[in-house]
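Protein chains in written order, with this note's numbering: chain A, 2 to 251; chain B, 7 to 239.
Among the hints, erroneous ones may be present.
Stated by the list, open to error - Subject to a maximum C-alpha distance of 25 angstroms in a straight line, what follows is the list of computed SDA-like cross-link-like pairs (lysine to any residue): (1) B:Lys175 / B:Lys66; (2) B:Lys66 / A:Ser72; (3) A:Lys73 / B:Val67; (4) B:Lys66 / A:Ile76.
Simulated from the structure, these hints should not be mistaken for laboratory data.
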Amino acid sequence: MLEIKNIKKSFGSTEVLKGVDLSVEKGDVVAILGPSGSGKTTLLRCINFLETADDGTMVLDGQNYHLNTTSKKEISALRKQTGFVFQNYNLFLNKTALQNVTEGLIIGRKMPKEEAIAIGKAALDKVGLSDRYDYYPRQLSGGQQQRVAIARAMATNPKIIFFDEPTSALDPELTGEVLAVMRQLAREGMTMLVVTHEMSFARTVSNKVVLMEDGVVVESGSSKDFFENPKEERTKTFLRNLSESLGLVD
Amino acid sequence: MEGKYLTTMIDARLWGILVDSFTKILIPGLTLTIPLTAIAFTLGLIIATITALVQFANVKVLKQIARFYIWVVRGTPLLVQLFVVFYGLPHAGFLIEPFPAAVLVFSLNSGAYCAETIRAALESVPVGQMEAGYCVGMSYLQIIFRIILPQALRTAFPPLSNSLISMVKDTSLAANITVAEMFMVTQRIVARTYEPLALYLEVALIYLIFSTVLTKLQNMGEKKLNSYGHKGD
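One chain only, chain A, in its complex shape (with noise of 0.2 angstroms):
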């Protein structure tokens, strides 16, 4: 459904992504995994248009774009199917949660106010804040704010919907209330693509795993795979690293 080919980015003189390609499926819950400065997150922000790639193709649903050369009004149009959780939760402070949630679909997409408010107030129910729909970004912890930017993304009725590292403002505790949202959205079927850190939700809720490291894809496989039977030595180190600071390797 998403099919990405040989996405290139340079900020000045240094290369951050160097030709990834990447394919994701209807349904599919893709984690991107790899160490900071991997180029991880400028994937993501590429792929939807926040940073302008230097060169690459995408394919969404059927409709071909070329990164560095789309127009504006195409861009919109791509955002319109799409929908992105930031890892500082970006959400509008002068609106309530509420209004967070109906924004993009009374002001960009023209939707009546009853029905925006009807879809918002469901969205904002689903992540458990049906008791928040008039708190403002402020007055909410921080747990909570990403559940109402989940909220927003989700409202829209997006075909897929991109994750930038979204539980790494957050403290433990809170961690574990947003990724059982993120688990409760892919049981019901969303296809997401998730740039974490956090490896318990890619072992055991994403179907496959891309690993990235200084611009380019490591290793993409299952999860399965990945973490039982990976292929290359630099994934097998990532992996070893991973469980001795995870305290799992004696």
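Fit chain B to the given chain A structure using the hints.
Relative to chain A, chain B alone:
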């Protein structure tokens, strides 16, 4: 005995002048100073918002014009600007009445200063707000007017209130272009009664009252705008 009688006479005379002139000064305050400030500041805010937005959005040519306008207005004295418009322009064939001349100069002047305040506030809104707007399918202008500008104006509210209070006091300069506002009326009463100390202190007190009311309004406004952080709207 006689000396004390004389002092009482003077005090009574002075007191009479002060009481008598209080309403004489206050009336042009209510009919000229306040309308002049209200109209000029409103226009100034509109000019400032547009000037700040074209810079923030990096609109070619318009951005250059905005920078030029701010450069000229901030770099020249307000009093000189009033003279250029009121005494100077008629020589070029543009005759302009005192009150409209004052409105024009004060709105252009505050527009330039407030533009910088609003531009700084726009730039202080986190870039993630814009990105989030794009990601939910909003257009650039929709994001500016619904997300960025409201947050920026909230940040800019205290310094803009500062500019408003400044303007109330600066309107006294309009006396120089024959606008019969509070200060000019006071000068006239001084010329007739020769009580400069008491009368200039009196007009200062009236300006202080106006500023105090505005400061109170500012505090109320800030409380209201802070509702983003508290429950309810």
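(Q) Between the alpha carbons of Lys66 (chain B) and Ile76 (chain A), is the straight-line distance 25 angstroms or under? (A) 23 angstroms, holds
Q. Can the restraint linking Lys175 (chain B) and Lys66 (chain B) be considered satisfied, given a maximum Cα separation of 25 angstroms?
A. 36 angstroms, violated
**Q.** Straight-line alpha-carbon gap Lys66 (chain B) to Ser72 (chain A), limit 25 angstroms
**A.** Distance of about 20 angstroms is within 25 angstroms: holds.
Q) Straight-line Cα separation of Lys73 (chain A) and Val67 (chain B) no greater than 25 angstroms? A) It holds: about 22 angstroms lies between the C-alpha atoms, which stays within 25 angstroms.
The structure is inconsistent with hint 1 alone, although it conforms to all the rest.
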